[in-house]
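Colleague: Please take these sequences and the hints and turn them into a complete structure.
According to this note's numbering, the sequence shown is numbered sequentially starting from 20.
Note that these hints are calculated values from the structure, not bench results.
Remember, it's a predicted structure, so these values are computed and weren't measured experimentally.
Heads up, a few of these hints could be off.
[Said to hold, decoys possible] So the derived label-pair ranges between C-beta atoms look like this:
{"hint": "1", "residue 1": "PHE30", "residue 2": "TRP54", "range": "14 to 20 Å"}
{"hint": "2", "residue 1": "LEU25", "residue 2": "ALA80", "range": "19 to 25 Å"}
{"hint": "3", "residue 1": "HIS43", "residue 2": "ASN23", "range": "35 to 41 Å"}
{"hint": "4", "residue 1": "LYS74", "residue 2": "GLU44", "range": "30 to 36 Å"}
Glycine is no exception: its CB is placed at the ideal position from the N, C-alpha and C atoms.
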Amino acid sequence: MKSNLLYYAMFLIILCIPFKGDEHEIRWLWADLPWIPLTLVFAALMCIALYLYKKESIKNAY
Numbered sequence: 020m021k022s023n024l025l026y027y028a029m030f031l032i033i034l035c036i037p038f039k040g041d042e043h044e045i046r047w048l049w050a051d052l053p054w055i056p057l058t059l060v061f062a063a064l065m066c067i068a069l070y071l072y073k074k075e076s077i078k079n080a081y
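Modeller: Have a look at this one:
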């Protein structure tokens, strides 16, 4: 069963780990703002939970 919720969750998790860098160093983009990746991970977990809930409710309906 395909679901856009899983794709959205994967996109949010990928957004948590972006980095910027040049030839001398690599710095994490969210180094000074830790609440942004925490919010993104929480939203991704909510998407996954909603997907699992919908999957279970469809399975129990039959």
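Colleague: Out of the numbered hints, which ones does the structure contradict?
Modeller: Number 4 - this is the single hint that the structure violates.
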